[in-house]
Amino acid sequence: SAVISQKPSRDICQRGTSLTIQCQVDSQVTMMFWYRQQPGQSLTLIATANQGSEATYESGFVIDKFPISRPNLTFSTLTVSNMSPEDSSIYLCSVEVRTERLGFGTDTQYFGPGTRLTVL
Amino acid sequence: DAKTTQPPSMDCAEGRAANLPCNHSTISGNEYVYWYRQIHSQGPQYIIHGLKNNETNEMASLIITEDRKSSTLILPHATLRDTAVYYCIVRVWLRKPGANSKLTFGKGITLSVRP
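First to last, the sequence lines map onto chains A and B. So the first sequence is numbered by this note's numbering: it starts at 1 and just counts up by one. So the second sequence is numbered by this note's numbering: it starts at 1 and just counts up by one.
Heads up, a few of these hints could be off.
[Claimed, not checked] Quick list of in silico lysine-lysine cross-link-like pairs, DSS-like style, CA-CA up to 27 angstroms:
| no. | chain 1 | residue 1 | chain 2 | residue 2 |
| --- | --- | --- | --- | --- |
| 1 | B | K102 | B | K69 |
| 2 | B | K102 | B | K3 |
| 3 | A | K7 | B | K102 |
| 4 | B | K52 | B | K102 |
| 5 | B | K3 | B | K52 |
| 6 | B | K107 | A | K65 |
| 7 | A | K65 | B | K102 |
| 8 | A | K65 | A | K7 |
| 9 | B | K52 | B | K69 |
Since the hints were derived computationally from the structure, they do not count as laboratory data. All values derive from a computational prediction rather than experimental measurement.
Just need the whole structure built from these sequences, with the hints factored in.
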């Protein structure tokens, strides 16, 4: 498994400002992901962030709005830019860990605790 | 990835087994069934996953039907702390690291454990 921490755990921001969310994992991982969970909704993948390459964004999410950095194998940041009240959500990072069992590997994603963002 | 169907909610009594169903009738041979749960306002927690054999760990058991078109997550002795939204997700697994398909979360099933 993996232990993941996020900072900040919550924040209240003014519209038009930006917030950078940090994600730290306790082991080196190749694949990191950023999700958004709007109030009362399920999780939606924003982007996949692999170390050493540009993040890959899902449909409906753009780099200008959600720039991502992945400077090493244990850390990533997501910035929510030029915020509006519609950006009020929980933002979660996750990592993928490969587990070998009986000579066969499978991948499992583990999630951080999330950052609860409120935009006024 | 194959789509999953879960009832919106269910409840069970504390101390009893909770059996959470999931239908995935279009699942293909290289797709795994994953279960996660999300306790209110927390990040999703991985529970278990399987391909075709039944699986058990310290949290739960996963029973997959022989035709793999449905599965059941079993919490053997539900407690109040098990109250959460449970997500059943089908995901293609490929041997190449990093090549797996993304996790797609549906609405899940809300399990309420009553005293």
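- Any hints from earlier that this structure breaks? Give me their numbers in increasing order, please. Going through the list in order, the structure violates no hint and respects every one.
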